[in-house]
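Residue strings, one per chain:
Protein chains: 2
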Amino acid sequence: MASRPQSTPAHRAGPLQPTADARCALRPVGRSRITGGFWGEWRRINAEVCVPQGPALLEAAGNLHNLRLAAGQAEGEYRGVHPFLDTDVYKWLEAAAWQAADTDAAPELDAMISLIAAAQQPDGYLNSWFQVVKGGERYRDLRWGHELYCAGHLIQAGIALHRSTGRAELLAIARRFADQIDSTFGPGNAVDGVCGHPEVETALVELYRETGEPRYLSLARYFVDRRGYGLLAAKDRRAAEAGPAYCQDHVPVREATEVAGHAVRQLYLLAGVADVAAEADDPELRAAAERLWAEMVARKTYVTGGLGAHHDEEDFGDPYELPNERAYCETCAAVASVQWSWRMALMTGQAKYSDLVERTLYNAVLAGVSLDGERWLYVNPLQVRDGYRHPDGDHGVRRVAWFRCACCPPNVMRLLASLPHYFASADDCGLQLHQYATGRFGDESAQGAFAVRVVTDYPWNGRISIVVDECPAKATPWTLSLRIPFWCNGFRLVIEGEPTEAVPEDGWLRLRRAWRPGDALELELSLEPRLAVADPRVDSVRGCVAIERGPLVYCVEGVDHPGGGLDDLLFDPAPGLTEKHDPTLLGGVTVLHGSGRRRGTTALDGARGGGDGAASWWPYRSLGRVIRAKARADAGIAAAEQFELTAIPYYAWANREDGPMRVWLPTS
Amino acid sequence: MASRPQSTPAHRAGPLQPTADARCALRPVGRSRITGGFWGEWRRINAEVCVPQGPALLEAAGNLHNLRLAAGQAEGEYRGVHPFLDTDVYKWLEAAAWQAADTDAAPELDAMISLIAAAQQPDGYLNSWFQVVKGGERYRDLRWGHELYCAGHLIQAGIALHRSTGRAELLAIARRFADQIDSTFGPGNAVDGVCGHPEVETALVELYRETGEPRYLSLARYFVDRRGYGLLAAKDRRAAEAGPAYCQDHVPVREATEVAGHAVRQLYLLAGVADVAAEADDPELRAAAERLWAEMVARKTYVTGGLGAHHDEEDFGDPYELPNERAYCETCAAVASVQWSWRMALMTGQAKYSDLVERTLYNAVLAGVSLDGERWLYVNPLQVRDGYRHPDGDHGVRRVAWFRCACCPPNVMRLLASLPHYFASADDCGLQLHQYATGRFGDESAQGAFAVRVVTDYPWNGRISIVVDECPAKATPWTLSLRIPFWCNGFRLVIEGEPTEAVPEDGWLRLRRAWRPGDALELELSLEPRLAVADPRVDSVRGCVAIERGPLVYCVEGVDHPGGGLDDLLFDPAPGLTEKHDPTLLGGVTVLHGSGRRRGTTALDGARGGGDGAASWWPYRSLGRVIRAKARADAGIAAAEQFELTAIPYYAWANREDGPMRVWLPTS
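For the record, the sequence lines run as chains A and B. Heads up, the first sequence is in the numbering used here, so the first residue is 1 and it goes up one at a time. Heads up, the second sequence is in the numbering used here, so the first residue is 1 and it goes up one at a time.
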């Protein structure tokens, strides 16, 4: 094993580290820390609960046993039926590796690395399923085999440990696997193929960045460009029914006009596309990534930032097809969306990408983990009806300790463990704050070191206090850029006690001056609650509003509305919303209260035949009858039908008792 | 082979023939014929196109080859991957058998029966998949094996041929299989189990009716009552994910409060439940059937009568979860719904069951077959968006000649071939017309023979002319009952030239008098177009109306609206609808025209930051912004934005070119 180097390269502590040659408008910064507040608490839960629980869960689920079988260290049956079970271990290792930058490394880390080393075959190949179950067969079932997908997660874990602690042994294992792949795939090699589940593309670009070896970038570009040519043609009924989009083989990505197929596969691929575009300076690929991001957001994104409408094939779904009760919105898709959007933010410098990162983090990602860090959701619907029958299995809406297909929990763990990486960036002119959290955010450049300290109770309070902590000694002007979220209806800026007028450009408030250490700013974003309506083509939420406050999307839950279900709820927007922060509720949340009423019994009068198109047993009625009934109802609304409506942040739902929930509230 | 008996028992020519002891309010009549009009034309297409095409399609798909393998008459690989491929042959045979009552039997019928006889094992067992692929293994995989399901369809085909032509040889084959099952399953026998796919239950009751053998009724009751006790417990991941409702093993049917799981399985089971309830005089089962029908219709039925909301597991879905673009609405579920509702109509005498039969026949069933009878739909969505990407496989929305899983086409064939059976009934007091078609409908009772002739251009024209054709010679009063559809806003009745006042009771116009041959009635049902709205809990269609006329649900199709898509369509209910019958369009349909407009470009003004919660790239906006934009838009509507909207009957959609379609039209 490599010995720990004397100086930890903490300036590179993040999953994404473009080379100096990359066409990126912004660079990630390496000296960021989150030390408190909302995200500080979530990172504490991740460090103290989520990540420490991992090894025992991986042991119980059989993942480690399977690697021991591959290493010849155990006997018995392979456990589980998926060829990608090794990745749960790799993603947990990546999380533990990022965590190790802040605290002592998890005690199980060394043993796991030794096990992986022992399981690896002499030429670098490593996949417990194929080694144990398939008798060493390799790369024969690229559509379903996930071998390169597994390699990608191994590479990312190796890079994380190297960047976070300087330890090189896991990176060396990963690199041996990468070299084996590089000698097998691509022009002049034995196999012309791509993996059914993208992931290795982005990992290979990062391996290029970490090692300087250009073969990895070339291989990543090859894997990006060989999709859409039928290399993954279906060979069985199951695959044929899923179709080529399921495995991202339906169209060359340079020609694609819309995101399609399995959402997580599409998103991981597009993270790789952005990486290749930046490092290979490929404007066509960059244009494809920009085009597909815009299409996805405009037509296939839930208000929570969630992605993927279909349970069936885990598919994106059609444009504007965003059903609430059957929203798939896999937690992994939210994590992947953050990863892709962050790459786009750095490549382009545009604030909208970090706007989506913010929305996705606070809503779609966080909803995937319970407030205590012990239970998970795989799918994240926006509506649960009264009397919902909770299905068994991974795809229910009741939080569970682990999944049969446990991709999501370690994905959230690795994201939270590396979270500061996504909050700030730098360029030659200065520092950009993309997200707001209590902590210290800084970097070094040719001009010197920049850093700011931030104190904030965001997202509960819009006040963000920023103090310049470190900057070049001589009074050279530099720019501190603050992202003004697109949803923000107004903000107030005070610099050194002076109210200051400033106008954001394209989402950035660019403050250029000769900042000096100790200079203080206060930015206050208006968090006035908002009511959102959807593009009218989103049929599923016609006549409904969603409540938002700051970056948070809200929902109503049955447990806060005793005495009846939510299916008959009508929200009245006119009286507005009041807010109250309750530090004892759900770990401390700002609750919003509004006015609503329940529809009275919708019983029809049962007349049939010769009537006006209604029958008591039939749930559809004539428009005229409904208009007349509504007039009667409006005339006779009793005070008793009115009730107070309580909304909580969506991420905190399903943490009390089973029951109905909805994000979108009908208004009539 | 049995020789053809001299007199064809045409008085029993229908799939359902309760015994004299059955607790049924009404009896099916055996002497019905449809001779013209709407359904006459559909039955002609079925007889001349659909059914004759069957043998070649079954040959091409391998179903006959597989039976030859089982019979030792062919060599080679088994074709297809489903254990229920024999049923495509059986359902086609059932269709051909009912057809044989009207015309000469299909020439391939004898050869197919011989093949089935040769494939049957000496003890009566018959299933080509298990005999050929599984080495003769039997009843070991009841959850997925479909062996009893296949037996059920064989029994129904045998009964059909016997009732329709008097030929007994297929019935004898079926009975040998039934006896083998009866000696294997149930108390005192080797196997305590039920089939994962219900169907044999209703078939066994009918076999009891046809043969008088009470063992078949007992066995059917056993199969009904052993569900819900874990006999089909999942043994693998796939089955565990589907859960017990998928195969109707989640709850004893007597205790069930809602329809659940795989829609077709649930519906076939409930047809059997109704049969057992009637023949075994089991009030508890009857109450369960009534309760589940009411629940299904009130909460899980599309306006077309379609059933089954989920592609995933072909599941009914949750209450009020009725997405339009992903409606599964399998054609087989519509056929099964007609079968179950007809059993309920006969058992209870209540008109509402035939109301649903009518709606389902004209919309959900007919949509499954193309106007020329040559192509089919497996799933029947109520919406296709602009730019829909047509997926490959059985579950697309482009009509195809056959499916890999070809359950639906022969199901429609057997229903159309036996259609007159569902149109009239009798009791001791007289005759009931449940559906209106040109033809002759009659029966015999202890009092004598009754029959009426009907001439109508229904559903295009509401006028139904009825002439008494045959009735007891002496002037005994008897009752002619006419169903007044629940949607009907008004009707006019003329008897022997005299306008006559009459009030329907529970959907029936009961006309009791001493009818004599030649007596003439004219019933005119108002077919004024109607606008339907849904129960407000059906979130998917909030703010929308559906156009209906008579029993037909209408839709708008892209091909009738050149110049743009339907996603931006807004329907204006105020001006009303005009109608025009076009004999040249889509085989002759009444087209409805209304007023609509397209929403203008929904582009936002792109302001971001410090704005009011909108960004050009984000599809959700603040309510205030939308209200202001609407005020501007309302003030400036140009005439050019208005356009004429053309609606066609839903059943006729997807018969021209690919394009968008919608049943539910937004009004604001």
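It is possible that some hints are incorrect.
List of simulated lysine-lysine pairs, DSS-like, C-alpha gap at most 30 angstroms [said to hold, decoys possible]: (1) B:Lys134 with A:Lys235; (2) B:Lys235 with B:Lys134; (3) A:Lys134 with B:Lys580; (4) A:Lys235 with B:Lys235; (5) A:Lys474 with A:Lys580; (6) B:Lys134 with A:Lys134.
Bear in mind the hints are in silico, worked out from the structure with no lab data behind them. A quick note: this is a predicted structure, and the numbers were derived from the prediction, not measured.
Verification of the hints:
Our distance criterion of 30 angstroms between C-alpha atoms is met by Lys134 (chain B) and Lys235 (chain A), whose separation comes to about 22 angstroms. At most 30 angstroms may separate the alpha-carbon atoms for a hinted pair to count; Lys235 (chain B) and Lys134 (chain B) meet this at roughly 18 angstroms. Pair hint Lys134 (chain A) plus Lys580 (chain B) does not hold up; C-alpha atoms about 66 angstroms apart against a cutoff of 30 angstroms. Proximity of Lys235 (chain A) to Lys235 (chain B) is assessed by CA-CA distance (about 26 angstroms); at most 30 angstroms being required, the pair is judged to hold.
Simply put, Lys474 (chain A) and Lys580 (chain A) have alpha-carbon atoms about 46 angstroms apart, too far for the 30 angstroms limit, and the pair is violated. Only pairs whose Cα atoms come within 30 angstroms are accepted, and Lys134 (chain B) paired with Lys134 (chain A) is accepted, the gap being roughly 24 angstroms.
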